[in-house]
Structures are given as C-alpha cells and as structure tokens.
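Enquirer: Chains as they are written, first to last, in our numbering: chain A, 1 to 273; chain B, 274 to 478.
One thing to keep in mind: the hints can contain errors.
[Said to hold, decoys possible] Where chain B lies over chain A, by a calculated footprint (3+ residues, C-beta under 8 Å):
(1) 139 to 146
(2) 174 to 184
(3) 218 to 230
(4) 258 to 264
These are calculated hints, taken from the structure and not from any lab test. Just so you know, these numbers come straight off a predicted model, no measurement behind them. All C-beta atoms in this analysis are idealised placements derived from N, C-alpha and C, irrespective of residue type, glycine included.
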Amino acid sequence: MSEAELPAWSLPPEAASKIALQSSWPAAITRDWAYGDSTGAGAKVCILDSGVEPDHPKVGAVQSAVVVTAGDDGEPRIDEDTEGDVCGHGTACAGIVRALAPEAEIHSVRVLGPGYTGSGTILLAGLRHAIEQGYDIVNMSLSTTKKDHAAVLHELADSAYFQRTVLVASAHNMPVESYPWRFSSVISVGSHMEEDPMVLYYNPSPPVEFFARGVDVDVAWLDGETIRCTGNSFATPHVAGICALIRSKHPDLTPFELKSLLHLTARNVADRR
Amino acid sequence: MSGDLNAAVAAGVLGSEERFRALLRSVVEVARAIFAAKASSVLLLDEAASELVFEAVVGEGEEKLLGTRFPAGTGVAGWVLATRTPLVIEDVRRDPRFAKDVAEDTGYVPEGLMAVPLLHEERALGVLEVLDRKSKFTLEEMELLGLFAAQAAIALDLLQRAREAESALAGDGRLAVVARVAAALESREDEAGARLLAAVEEILR
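Just chain B, same shape as in the assembly (with noise of 0.2 Å):
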C-alpha cells in the first residue's frame, strides 16, 4: 500500500493523467521533428489485455489511430515488443498484415517505418514508431532512436505509476478510503475535522 501512496504522492496524484498524455505527446511531436517524419506514434502495452494501444499520436491518421488496440506479440510493432530489438522498414506498403490493418483504419499507409522498443529497466512498456522520414537512413539514425527512447520510456512509465496510482485511490482498497477521508477533511474547515485530524496525528505519533 505505502508504494502506491509513494506512487501517487511521486505523481502529483490526481489529475495528472492529463499532464503526462502532454508529455507523451510532445515525446511523438519531438521524435517526428528530429526525423522530420510525417508521423509519430507511442503505443503503450495493455498487460492485462495483452494488446498494444496508441497512446500518442501526432501526424497523418491522428484522429483514428489514437485509443485504437491490437493483439501484442503480431505484427511488426509486436515483433519489436517482444524481442525488444528496434527495427526499420523501407517499404512496409509490401506487408500485407501492416497494409491492410492500416489502411482500413486510417486510409493512409506508410512507406517507411522506424519502430524501437520502449524499455523500462527490465520492463518493455510499448514502442515508439517513426513513419515515413524525410532523410535518408544511416547507422547513426538509429542510435540517436535509441536514445530518445529510453527517453519515451520514463514518459510511459510515469504515466503508467500515475493511473495506478489513480486507479489504487479510486477503487475500494483500504488506500482508497484514506484517500476519501484526506479529501473529505480537507475540504472541511470546521473545528471537528480539525479535532480529527488531531487524533489521527495522536494515534501516528
């Protein structure tokens, strides 16, 4: 229990969903601005659902894409997951899996695809993918990937502790109770909540 406090307390607790999406979002924007690329995407790993969601995306299919989920362990994105090993495709219009999957949700198909794995310590916590650069490809492109996802990687991975962290203090835990009383005190300025936080302070002490 104390490492979820320590989670929530860490993740500024509450409402903090909304600040890290942001910086989700700005981790894709700045990836699709250093390789100048028609768009980036995070797809963050649902455990539970073993399925993969776009978590952020900046670029062509923005709209569609976002929130939508496929099985991990298929597929290209799926391939880089699990083997945690990044990989480039030059022409992935010639996947027909990737072609068709894409193109019936978003109508717009890829030429050129970058994806690398987002790994957390020992955790694999989704994949990062550029699509479609402007540059040409080299050896150094790929380190500079790397480096920028272990970057993307404590995004995801603080977003991840915040909605755990959210989910413990939302839910019928013990946690969760002690949530609602601070929140419930908190809101009170009357002198029997100040009486009770007394007591509470008594009894820790």
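Chain A extracted, bound-state conformation (with noise of 0.2 Å):
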C-alpha cells in the first residue's frame, strides 16, 4: 500500500477497500505469531548514543556510523564518525539488540564526545538525521531536560511515528522533567529484575509503558570487553531488538500497531489469555 494511496484526513466509504490491511491479526495474538523465527533480517535499527564499537565480537558488522558535532557557525553537522564509542553505552545497546535480533542492521548515530555536556542541541540534530534516513527503529537510551527543546522534541516524535520510525526511549527513574520518553508518540522502558532477555510487562499506569530485562546485564564495552551493567538504559534496547524482530517480520506494521503488539505479547497481558 503506497502513501498515495491513503486516504487523507478522512476516509470516504469506497475507500475502506483501500485500506485492507497486509497484516491480518489472528483472533489470539501469540509471541510465536509477532515474531517467532525472525531474525530480524532486513530491520535497521539506529543506536542514537556514545558511538558503536566496529567490529567488537558481541555487535558485529556496524553497518553505517555517523558522529553529530557542532560546527563552526554553531549549527550541528553530521559527518561519518571513525571513533568508534566513546564511552561504551552505545556498544553495549547495539551488543544487546544484535543478540535479539541476530540479522537485524546496527547503524550508530553518535550524539556525545569530548566536551559535550547534554545542551540538547546536538541530541535534536541526530534524532532528526536517524528519522531522515528512515531506520526501522531508534534506540534512545537517553534524554534532555531542556524543556526548550521538548516541544521540537515532541514534532520529531510525531514525525517518526508518521513515517513508521519507531523511537524506543529509556524511561528516567528520576523525579524529574525529561524527553522524549514521556510522549506518546515513542515506546518508553523501564527495568524489571528477571534474566530472560525476551520478557516485556505492560504498563498500566504509564507514562512508562513496558519493562524489559535491565539488571544485572552482561552488555558489550570497550575494547572488545563484556561487563555487568544495570539501568533503564539497558532495558530499553532489549525492546528495540524485539521491534527489530516484529519489524522484520511484519514489515508493514505501524508504531502504533506494532505498540499493540507489544502489548498483546507482554508477559502480564499475554499469558493471562
């Protein structure tokens, strides 16, 4: 189904026919069904972080790596980033989503570095380019306090939610105002204490809205290192990589329909049926 071929702002009854979906939903949702056998192949996640270790043995092939840095008239550019991480948080994400979603392609967005102190400037400049280049899903496992910056924060969201980019964002475990993982528009994630990678709790009292492994996580680091990490920072590309393997197998869905999935699958909603 082509953007063309939707109808606009409302839909006209000879149109419904229009809108037949690809994916149809079976009377009971299974985990089996959302993305059982998929490797994610085919799915591109963006790790918006520190940078990704190329090559490190946990993340593998990183298949494009840009850095976001201010430039000398002070707007942010985007250049191809030769680093590699610059504090380890970036590798670890990526080494967590490549462990889910085995086939699934790392593109690192770099948003940090010597002197960057979080003014959100830069943040907003390398969300944007991971929503230009259309990636599947973006893993954030950080946020901004500006709340300058929230309401362009808040358009960007709208818009990859829009265009099937789906943004995944660490919830702060903070009392504290912070973005984007407050909107809507992005799935938000906080920690629960189990070991099993592939275990999701729906939220009922959002605005967190799921719960993923994010204790006690053997992460990827640098150099080639492996080391036990613990945050909602964690959790959240553990949600990434099970959109990567929705994604890969329902390429159609929306963030919005592939939000329903996650909910349809979660631990306390599923295994009550």
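Combine the two chains into a complex, taking the hints into account.
Expert: Here's what the structure looks like:
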C-alpha cells in the first residue's frame, strides 16, 4: 500500500477497501506469530548514543556510523564517525539488539563526545538525522531536561511515528521532567529484574509503558570487553531488539500496531489468556 | 545585577564557600553510609571548560581525586551527565578507559560503580558516584539514589550560586564597587561615614 493511496484526513465509503491491511491479526496474538523464527533480517536499528565500537565480538558489523558535532557556525553538522565509542554505552546497546535480532542492521549516530554536556541541540540533530534516514527503530537510551527542546523533540517524535520509525526511549527513574520518553508517540521502557531477555511487561499506569530486562545485564563494552550493568538504558535496547524482530517479520506494521503487538505479547497480558 | 546581589545575600555572601563545601562533603559521606560503600564523590560540571571536577570525595582515593578534572562528554560520568541517565556498572575494572584513568590517578580501581546525574531544574550540574557498595544492587536502591541525588543537586546549586556571587563581588563590575564601598563603610565608625550613608539613603528614597 503506497502513501498516495492512503486517504488523507477522512475515509470516504468507497475508500474503505483501499485500507485493507496486509497483516490480518489472528484472534489470539501469540509471541510466535509476532516474532517467532524472526532474525531481525531487513530491520534497520539506529543506536543514538555514544557511538558503537566497530567489530566488537558481541556486535559484529556496523552498517553505518556518523557523529553529530557543533560546526564552526554553531550549527550541528554530521560527519562519518571513525572514533567508535567514547563511553561504551552505545556498544552495550548495540550488543543487546544484536543478541536479540542477530540479522538486523545496526546504524550508529553518535551524539556524545569530548566537551559535550548534553545541551540537547546535538541530540535533536542526531534524532532528526536518524528519522530522515528512515530507520525502522531508533534506540534512545538517553534524555534531555531542556524544556526549550521539548516542543521540537515532540514534533520529531510525531514525524517519526507517522513515517513508521519506531522510537524506543528510556524512562527516567528520577523525580525530574525529561524527554522524549514521556511522549505517547514513543515507546518508553523501564526495568524489571528478571533474567529472560525476551520478557516484557506492559505497565497499565503510564507514562512508562513497558518493562524489560535492565538489571545485571552482561553487555558489550570498549575494547571488545563485556561488563555487567544495570539501568533503564539497558532495558531499552531489549525492546528495540524485539521491535526489530517484529518489524522484520511484519514490515508493514505502523508504530501504533507495533506497540499494540508489544502490549498483546507482554507477559502480564498474553499469559493471562 | 540585582540577581547577583540577591544570590549573594541568599548565599550569605563571602565565606560561604567553605560551608557549602562542608555540605557537599556531608552529602557524599551520607551517600557512602547509605549504600555501605567504600567511596563516594560528587563531580561538578565546569561549564566554561566543559570539564568535570571532583568537588567532594570521601573514602578511597580521597586526597588524590579532589580537584582532579577531565573532559565532559566521554567516559561513564560524562555519559551520565550528558544523557541525564543513571547507570550502574558491576565490574567497572573491565572498562579499559576507566581502569586506566582512575588507576593512574589514585592507585585504586573500584569494582562496582553507581553514577547518577545531579539535575536541578533544567540543568545538569554534575554527577554523584557511589563506589564499591557492600550490598547487592536492587531497583529500590536506584530509586533511593535518585531521591538522594535530588538533595545533592540542591547543595551543588547553592555552592555554584555562592561562587557566582563571590566572583561578582570580587570582580571589576559595579556590584563589586558597591560591595567594596559597603565593606569600607562598615569598618568606619566616624561621622563622615554616617553622613555618607545617610546621603545614600536619601538618594534611594
């Protein structure tokens, strides 16, 4: 179904047949239907973070890597990234996605670097770039507290949502206003304490919508290392990885449908039926 | 100018630096006690230099780390600051960068590290770190650390305000002139000083 065939703002009676969906959902959704046998092949996952170490044993090939910096004129600029990872965190997230979706493409957009303290401008430029590239999933294990940026971030999140780019963002577990995880157009993630990387819980009391594995996770780190970490920022790529599996198996799902599928296959929802 | 003056007054003006340092030190001491940790520290962001500075340290590495600086935006503390996101690492010794930098400075490399951003309103002021805690980590601990960080952020905000006020009072600006005049008048008890004060009050009326 191409964009042009879609009705714009209303649905005339004769157009109803045009929006027949390719994925007809069975009466009961199962995890097997959602992502069984999926390897993530064809899904493009962007890691918006500290960079990704190339050829880390837990990450493998990185399909593309760019870095966002402040240019001489103060405007953000985007260049090919040859530095890899300046912290280890981006590599950790990429490794988690790779473990869950071994054949997904990994793309790195680095929004951290020496001297960068999180003004938000670089983050916004990085997210805008990721959305323009049309990645299927953008993993955002980070947030900004700048209220000035909230409106722009909100617009970006909505434009991603409408063009089928799924933003997966870490929820903040501190008493502070931060973005973009609070927006309903993104999938927000907190941590549960279970060990199964595929287990998700749906939270019926948002803004945090899902809980995924985020405690004592063995993750990829700098220089080919593996270290054990905890935090919502590690729960987030678990959801991104599962989204990659689903997107790979059902490429035509919208972010809304994909989020619904996460809900329907969450342990506290699916396992009650 | 009146903002600086208010800040100066609110901060108790000169000499407050030491008191706020004591407050910060108390914050890291309590953090260390709550988590039964070997060490705890507060890193303050020096925005002009884009560097993180060890502003308060208790426990292992105390003498050597205090005042040490490194560039913001890289490493674990840099990531926590820039992303406003807390992080726990259980075996930080395996982080080659962390192990090298810290070992060279102090000879002590922790095993476990909890780092949380110190956020005050929209700003990230710095990072609170707790090293080598005794107990097993739980999600409740992370919540507790977040709550505690809010308190530490207030202390850090007060320290920064006091410093800004002090530098405004010590510089070449008009506020500094007013401060020097006020100090000079305060130390004089003669008739001329009293008359000048009365004249100034008259102008302000």
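Enquirer: Take the hints in turn and mark each one as holding or not.
Expert: Status of each hint after checking the structure:
| no. | hint | in the structure |
| --- | --- | --- |
| 1 | 139 to 146 | holds (count 6) |
| 2 | 174 to 184 | holds (count 4) |
| 3 | 218 to 230 | holds (count 9) |
| 4 | 258 to 264 | violated (count 0) |
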